[in-house]
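*Asks:* Protein sequence lines, in the order shown, are assigned to chains X and F. First residue of the first sequence? That's 0 in numbering that gives the first Met the number 0, and the numbers climb one at a time after it. First residue of the second sequence? That's 0 in numbering that gives the first Met the number 0, and the numbers climb one at a time after it.
You may find that some hints are simply not true.
[Unchecked claim] Cross-link-like lysine-lysine pairs, in silico, DSS-like; alpha carbons within 30 Å at most:
#: 1; chain 1: X; residue 1: K535; chain 2: X; residue 2: K525
#: 2; chain 1: F; residue 1: K91; chain 2: X; residue 2: K143
#: 3; chain 1: X; residue 1: K33; chain 2: F; residue 2: K15
#: 4; chain 1: F; residue 1: K15; chain 2: X; residue 2: K43
#: 5; chain 1: F; residue 1: K1; chain 2: X; residue 2: K83
#: 6; chain 1: F; residue 1: K7; chain 2: X; residue 2: K33
#: 7; chain 1: F; residue 1: K1; chain 2: X; residue 2: K37
[Unchecked claim] What follows is a list of derived Cβ distance ranges for each label pair:
#: 8; chain 1: X; residue 1: G294; chain 2: F; residue 2: S2; range: 49 to 59 Å
#: 9; chain 1: X; residue 1: R89; chain 2: F; residue 2: G84; range: 44 to 54 Å
#: 10; chain 1: F; residue 1: R55; chain 2: X; residue 2: E36; range: 23 to 33 Å
#: 11; chain 1: F; residue 1: S2; chain 2: X; residue 2: P303; range: 12 to 22 Å
#: 12; chain 1: F; residue 1: E85; chain 2: X; residue 2: A236; range: 55 to 65 Å
#: 13; chain 1: F; residue 1: T115; chain 2: X; residue 2: E36; range: 32 to 42 Å
In short, the hints are calculated from the structure, not lab data. Note that the Cβ used here is the ideal one computed from N, Cα and C, for glycine as well.
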Amino acid sequence: MVYRSHVLICNGTGCTASKAPEIMTRLEKELAAKGIEKEVKIVKTGCFGLCEKGPILVIYPEGATYCHVRPDDVEEIVNEHLVKGRIVKRLLLGDKDAEDVAKSLENVGFFNRQVRVALRNCGVINPESIEEYIARDGYAALAKALTEMTPSQVIDEIKKSGLRGRGGGGFPTGLKWQFAAQEVNDIKYVCCNADEGDPGAFMDRSILEGDPHSVIEAMAIAGYAIGSNQGYIYVRAEYPIAVQRLNIAISQAKEYGLLGNNIFGTDFSFDLEIRLGAGAFVCGEETALMTSIEGKRGEPRTRPPFPAVKGLWEKPTILNNVETYANIPVILLKGADWFRSIGTEKSKGTKVFAVGGKINNTGLVEIPMGMTLREVIYDIGGGIPKGKKFKAAQTGGPSGGCIPASHIDVPIDYDNLIELGSMMGSGGLIVMDEDTCMVDIAKFFLEFTVDESCGKCPPCRIGTKRMHEILDRITSGKGEEGDIEKLEILAESIKQGALCGLGQTAPNPVLSTLRYFRDEYEAHVKEKRCPAGVCKAMLKYTIIPDKCKGCSLCSRKCPVNAISGEVKKPYVIDQSKCIKCGVCMDTCKFAAIEKK
Amino acid sequence: MKSVEELKAIREKALKEMSIRDNEDKTRIIVGMATCGIAAGAKSVMSAFIDELEKRNIRNVSVSMTGCIGICRLEPVAEVLEANGEKTTYVKLDAEKARRIVAEHIVNQKPVTEFTVGAAER
Chain X
0 MVYRSHVLIC NGTGCTASKA PEIMTRLEKE LAAKGIEKEV KIVKTGCFGL
50 CEKGPILVIY PEGATYCHVR PDDVEEIVNE HLVKGRIVKR LLLGDKDAED
100 VAKSLENVGF FNRQVRVALR NCGVINPESI EEYIARDGYA ALAKALTEMT
150 PSQVIDEIKK SGLRGRGGGG FPTGLKWQFA AQEVNDIKYV CCNADEGDPG
200 AFMDRSILEG DPHSVIEAMA IAGYAIGSNQ GYIYVRAEYP IAVQRLNIAI
250 SQAKEYGLLG NNIFGTDFSF DLEIRLGAGA FVCGEETALM TSIEGKRGEP
300 RTRPPFPAVK GLWEKPTILN NVETYANIPV ILLKGADWFR SIGTEKSKGT
350 KVFAVGGKIN NTGLVEIPMG MTLREVIYDI GGGIPKGKKF KAAQTGGPSG
400 GCIPASHIDV PIDYDNLIEL GSMMGSGGLI VMDEDTCMVD IAKFFLEFTV
450 DESCGKCPPC RIGTKRMHEI LDRITSGKGE EGDIEKLEIL AESIKQGALC
500 GLGQTAPNPV LSTLRYFRDE YEAHVKEKRC PAGVCKAMLK YTIIPDKCKG
550 CSLCSRKCPV NAISGEVKKP YVIDQSKCIK CGVCMDTCKF AAIEKK
Chain F
0 MKSVEELKAI REKALKEMSI RDNEDKTRII VGMATCGIAA GAKSVMSAFI
50 DELEKRNIRN VSVSMTGCIG ICRLEPVAEV LEANGEKTTY VKLDAEKARR
100 IVAEHIVNQK PVTEFTVGAA ER
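If we strip away everything but chain X, and leave its shape as in the complex, we get (with noise of 0.2 Å):
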């Protein structure tokens, strides 16, 4: 059956927050009731990356791309759109006037400047249908090195597009693969780390909800590659959307023999289980990872044995990340020369960034390797919001690090990043604006490992808590002479003796921070001031007499009482009663009220 007209709704996490089931109720409900359900197919899809825009949903032939969409919305868009066709213009996203609907998105800088390589298929098919991958040039890939090439070409097809892990590290992709394929055994296995815990990082899950048949191709490739007849995906059972799609991609794609035996008529065979993580952090590091696989406790080992000598049951093992198998079907297809042209000299391709704090277009956006931050930030990201200064930008989560303004204009690759203290890591990219305090941060990302070390060696348990704990000391307007030093020489210690990289790279936001934003440490240890007027307990609100008119209008609204005096003359405020919540400077009309 052809449809006359296709509507395709965001079932990412974010639009399903956010009511995108109840629209698509609403949809079929309408349809039915004005008897065009046999013209309009619905289709769901993954995320189109503009989160904060959501729900979204587009009609096609016309290509119109609604946005904000509410349930109550569904009939009008039904009745003008679908019935009369007449675009619902109060909620297309873009040029709202553009003469051509499709053509309304082609300024708005949010896609404009993007290039979607790992992402090309989200929020274009629906992810439970294997045919509309299909239809992608899905599996070609897949057929293509089966039946045309051989493992060691398909490695070096890898190895020369220059693909690097796109889960933290960067190790070259088709390096890793070559290491298992010389390995001499029977048994090999191929795993998949979807087990992303960064704070701010959703790509993964948005390419499982939106694509997963992407990197179950690319796994069975790399089983093609390394000789490896057994796949196992590791994903948090936080994320239950992807969970979903990619079982039922699993049990597609094996009923359609794209798994399972003799695919493609040859003699290579490969099959995949799915492995759920129980939301340890950890688990995202590899050795850790695979010891969960085995049904063991989540904890990291020495290395080397590096996983692709000795891994999964001490088997050789390949562990990528999902943004990374991602990319593997569309470099065999369009070949290493054609990947190799975008990016810079030493990253090539592009990277998937989950933007969000003080940004007016959160979401996921995939840029080429080498923009700069000021575009990422400005260009597609929107700016900041109530337009406020940009401060710092925080990539690689509680193992990265912070880019400071001053380094805006440093183009986005592996190396620049980690030259600057911070790190590519799986693509978190957390923007903050002049109101955010340092240590802070600093304290939040330390907070987050001290909760998710899982223990076993020393300098990560109690290293990180000791460092924890001159930070809440700094923070809380106690920090003492040297505090600062001691950071340094912690967080040194900590780097070298940890057993795995959480604990090696947790000191990191710390040293990131003290790097550029020393003097903030500073003004909290000598001067008890928290200069971003953050930290609360070094924060005093106070009235200025002369602007006081004595309205009493602070005094009323104060939650503790903390304000008092006589009307027409200027209050004071109680400073042992107060609890610094901001309310007075909230409501009080004249600017009589400061915090310092």
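Given the structure of chain X, go ahead and fit chain F onto it with the hints provided.
*Replies:* Just chain F, lined up with the frame of chain X:
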């Protein structure tokens, strides 16, 4: 999946269904579906367009609807908008005429002059 050909066949079939989502410039058939159009039988005209295009496996033509363009007395009305901007307005249509428009105008590139608004108004 026993062969690459099998994969290609699935791909062809699925592509046909998804072609509607291509944003490339293509020919559009727009059917007037306001009250006047529907009362005059626009619904069956539109179904005929869709059906005929599908039968002939024509992918680069989309069918959409629009409101009243003001010539209610000549309904059902449909416009064929070509990629080069050329517009042909057909009036007083029925399902049979719609099928002929697909055969002659879309396939053979020859507008069916006798059904156009110009001919009707002469």
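*Asks:* Please work out if K7(F) and K33(X) have their alpha carbons no farther apart than 30 Å.
*Replies:* violated, 37 Å
*Asks:* Verify the CB-CB distance for R55(F) and E36(X) against the hinted window 23 to 33 Å.
*Replies:* Holds: the Cβ-Cβ distance is about 25 Å, inside 23 to 33 Å.
*Asks:* Take the C-alpha atoms of K535(X) and K525(X), compute the straight-line distance between them, and say whether it is at most 30 Å.
*Replies:* Holds - the C-alpha atoms of K525(X) and K535(X) are around 16 Å apart, at most 30 Å.
*Asks:* Can you let me know if the beta-carbon spacing of R89(X) and G84(F) is within 44 to 54 Å?
*Replies:* Violated, at about 28 Å.
*Asks:* Is it true that the CA of K1(F) sits at most 30 Å from the CA of K83(X)?
*Replies:* Outside the cut-off at roughly 46 Å; violated.
*Asks:* Within 30 Å, alpha carbon to alpha carbon, are K91(F) and K143(X)?
*Replies:* Outside the cut-off at roughly 52 Å; violated.
*Asks:* Does the beta carbon distance between G294(X) and S2(F) stay inside 49 to 59 Å, or does it fall outside?
*Replies:* violated, 39 Å
*Asks:* Would you check the hint for K1(F) and K37(X), treating anything up to 30 Å between C-alpha atoms as holding?
*Replies:* violated, 34 Å
*Asks:* Looking only at beta-carbon atoms, does the pair T115(F), E36(X) fall within the given range of 32 to 42 Å?
*Replies:* Given about 33 Å between the Cβ atoms, the range holds.
*Asks:* The hint says 12 to 22 Å between S2(F) and P303(X); measuring C-beta to C-beta, is that right?
*Replies:* With a Cβ separation near 43 Å, S2(F) and P303(X) fall outside 12 to 22 Å, so the hint is violated.
*Asks:* For K15(F) and K43(X), compute the direct alpha-carbon distance and say whether it is at most 30 Å.
*Replies:* Satisfied, since the Cα-Cα distance of roughly 18 Å is no more than 30 Å.
*Asks:* Is the gap between the beta carbons of E85(F) and A236(X) within 55 to 65 Å?
*Replies:* Because 57 Å falls inside the window, the suggested range holds.
In this structure, the earlier hints numbered 2, 5, 6, 7, 8, 9, 11 are contradicted, and the remaining ones agree with it.
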